[in-house]
Structure formats: C-alpha cells, structure tokens
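Trainee: Here is how the chains run, residue by residue.
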Amino acid sequence: MINAEEGVFFLTGKDFTNAGAASSSLKGVLEKRGVPQDIIRRTAIAAFEAEMNVIIYAVAGMMKYRISNTEISVTIQDMGQGIPNIDLAMTEGYSTAPDYIREMGFGSGMGLPNIKKSTDHFVINSMVGEGTTLEFTIRLANGDKERA
Amino acid sequence: MNLQEIVNRLSLDVKTPGLDLNREVTGGYVSDLLSDVMGNSSGGNIWITLQIHLNIVAVASLKGLAGIILVNNRRPDEDTLKRAVAENIPVMTSALPTFELVGRLYALGLRCR
Amino acid sequence: MNLAEILSILNARMLTDHVPLQKAVESAYCADLMSDVLSFSVTNSLLVTGLTNAQVIRTAEMAAIEVIIFIQGKSPDSQTIKLAEEKRIPLLVTDLSMFDTCGKLYERGLRSQFHHLNQAPIITVRAQSL
Ligand SMILES: Nc1ncnc2c1ncn2[C@@H]1O[C@H](COP(=O)(O)OP(=O)(O)OP(=O)(O)O)[C@@H](O)[C@H]1O
Ligand SMILES: [Mg+2]
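Protein chains in written order, with this note's numbering: chain H, 1 to 148; chain R, 1001 to 1113; chain L, 2001 to 2130.
Some hints here could point you the wrong way.
Negatives, chain L to chain H, calculated, CB over 12 Å [what the hints assert, rightly or not]: (1) N2002; (2) S2008; (3) N2011; (4) T2049; (5) G2050; (6) E2086; (7) D2095; (8) R2108; (9) G2109.
Just some of the chain H residues that point at chain L, by a computed CB distance under 10 Å [said to hold, decoys possible]: (10) E5; (11) A19; (12) G20; (13) A21; (14) Q37; (15) A44; (16) M104; (17) F106.
Hint data in this document are derived by calculation from the structure and do not stem from the laboratory.
For each residue, glycine too, the CB sits at the ideal point set by N, CA and C.
If we strip away everything but chain H, and leave its shape as in the complex, we get (with noise of 0.2 Å):
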C-alpha cells in the first residue's frame, strides 16, 4: 500500500506562460504513483479548468491536492473578484470572459461545468471581491464508474 501524500502548487493571474503548469505537475504525480489513465485525465481535466479560471480571473492563488488509497482531492483556491452568482456560472456557456481571452480560445462557459462532469464531488464557494474556493475529489477506490 503506497502512503497518502499531498502537495501545493502556486497560480500566479495573467501568467498565461505558466498556466497549465499546476495541473501538468499533478497530472506527473498521478502518474509516477500508476493510478489509472481514465482517473488521471478526469482529475487533470477539473484541474486545467480550475486553474485556467485562476489565470484568467483572479489575482493569485494556489492549488492543493492530496492522494490517499481511497480518492485525489484538489482545492483550489484564489484571491481575486470572486463569482456573484453561482448558479449563472456553473451553467453552460455563461462567461463573461473579454475578447482577449476569447481569442485564445477559453470563455466558452465550459470550464465549470467541466469540472462538475468529470468529478464525483465538487463544491464551488465564493465571495465577491475576495476569492473564490473549489474542491473537488475523484474515487479512486472500486466502485469506479467506467467513464469516457
């Protein structure tokens, strides 16, 4: 039985060189530990649209895993204007990214909703001109849902 084990990484807003670079590292860990291909890339999913939205819409912030036998649960936590209105942004296609971003090929309103699919339980809080937290884990145990 391997131990559990935790780390932190560091998200920096508007750093668009680095982003991706959090849930790269994570996705490494799953990896180096062997936990199946179907739950890594479940896990790097809810983890790049996380971060990316740290990027593109809060000051700073920082993401926190921890693995244990049974589950991966992130956090993901940032500084920044915070979400007025949960329910808007969990549904799809809301965003109210600015054309630069856009063009980059983000803002289509489907980053939260990402999440929400591709975990087993995720909580959004978020307090407007403060930050924002997500949370989210996937089983790792049996009992496993076959997934895409």
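Once you've looked at the hints, dock chains R and L with the ligands against the given chain H.
Mentor: Leaving out everything else, chains R and L with the ligands in the frame of chain H:
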C-alpha cells in the same frame, strides 16, 4: 450549392423561422474565433462553429455569410436568434461535432477557397 | 490513420522532432475552444485547431490528445514547440483551411468518436454573496 439542400441532406435543425433558405452557399468556413471569421471568411460562406456568443450574428451579417451551423447541439439564446432573424442570417444546429459535420459538407462538394 | 498518411493527405509538415511516422490516431476532433476539447476527451485522437498558443498543448496533454494539426500555415513559436516535444505530442502544420483539412481526413476514413463526460452523481453548490 443551395442552403436548403444542405439543410435537407444533413438534417439540420433550423432555429430561425421564416427566413428564406434558398440562397447560394459559396463554400464553408470553420472557426470558433470571431476575429478569424471577420478576417478570413468570404461572402456566401456557411460558417460552422460551436461559438454561441451573441456577436456571431453580427459577424455573419457584416461578412455577408450564407448562414451559421452550430455543432455539438450548442443552443444559442433567444436574443441571438431574434437578432439572427432580424439580420436575415439563418442559424441551424446539428448534434454532430465539427469534424463530422465538415466531413459531410465536404463530401457534398463544399470547399473552403 | 498514421502520421505518414496524414502528412501526405494534407501535404503537411512536421514541426516536432523524433516522431515515429507509423504512430496512428483513431479519432479526430476539430475546435478552437479548449473547454470544448476537454469536455469531449477521447483518447488517442487528433486535434485540428486554428490556435497555436501554449494552452493548446496543455489542453492536449490534459485530454490525452496525441497529435495536433495547425491549419492555414500557422505555426506556434519555438517555446511552444519545445513544450510539445517535452510532452511527446507531435505537431503538424498544413497550408489548407480548417474546412478542407477536416474534409480531406474525413474523406480518407477518419472519424470523430465522441462521448461527453458523464454527469457527476453528487453536486454541492453553495453561494455566498456580500
Ligand atoms: N476563479 C474565478 N474567479 C472569478 N470568476 C470566475 C472564476 N471562475 C469562473 N468565474 C466566472 O464564471 C464564469 C464561468 O466560468 P467557466 O470556467 O465555466 O467558463 P469560462 O472560463 O468563461 O470559459 P471556459 O472555461 O469555457 O474557457 C466565468 O466567465 C467567470 O465570470
Ligand atoms: Mg473557465
């Protein structure tokens, strides 16, 4: 090629009631980036995209495009459709992803430049 | 369909080094919006895109996309190519339009195998506003 014929052959779902689909389609243009379509599409092209931003209609109208096909079952909101009807830009939807839809349009003989 | 075939069908060039030309893809996907690519996550697939920034490579990495084709002769900068080489994602560029690129690959038998991500069973949403 005629837009009505494309709609029939690919079983597209027309979202803009009352617009005449008897119009000539000169070619296809695929992009999800408004600036790219503004810069590079040609008049009479049918635009294939998953972008549902309100401004797609404005772009299509400015460039004189033959219509917009939204893929992956992407649903534009009511405002976008109203504007499309007002600007005489037919909007159609398909459940297919871009690659599949374009493949079929290409097989019908449509090209991009 | 393998890379050698794709290169010849599209008259494309390889931008990354050390790529085995017999490497094959089973499915293709075409988009400029990265969240869309992520939501359709299909393994062993090819991405046709008009964007050339580093986030495209990151998206491919996360979604387990194996090959990227850029269109209309658009190549990414050398740093982005280096990132792709690190991640072992072959990059190709063709002078064809996105439309003709998809059309020609489809004509030669390539398809999109697509499935959306499933719905998660438990969702908790709590909003806090001022
Ligand atoms: N960390 C955050 N801080 C502030 N606002 C956020 C944050 N994350 C999301 N939002 C808000 O929620 C909206 C929806 O987010 P979501 O990730 O679903 O879509 P998007 O980022 O706009 O586009 P995509 O993710 O498809 O590229 C955003 O446009 C933004 O207004
Ligand atoms: Mg997002």
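Trainee: Compare the structure with each hint and give your call.
Mentor: Evaluated hints:
no.	hint	verdict
1	N2002	holds (22 Å)
2	S2008	holds (28 Å)
3	N2011	holds (25 Å)
4	T2049	violated (8 Å)
5	G2050	violated (9 Å)
6	E2086	violated (10 Å)
7	D2095	holds (21 Å)
8	R2108	holds (25 Å)
9	G2109	holds (22 Å)
10	E5	violated (21 Å)
11	A19	holds (6 Å)
12	G20	holds (3 Å)
13	A21	holds (8 Å)
14	Q37	holds (7 Å)
15	A44	holds (4 Å)
16	M104	holds (6 Å)
17	F106	holds (6 Å)
The earlier numbered hints that this structure contradicts are 4, 5, 6 and 10.
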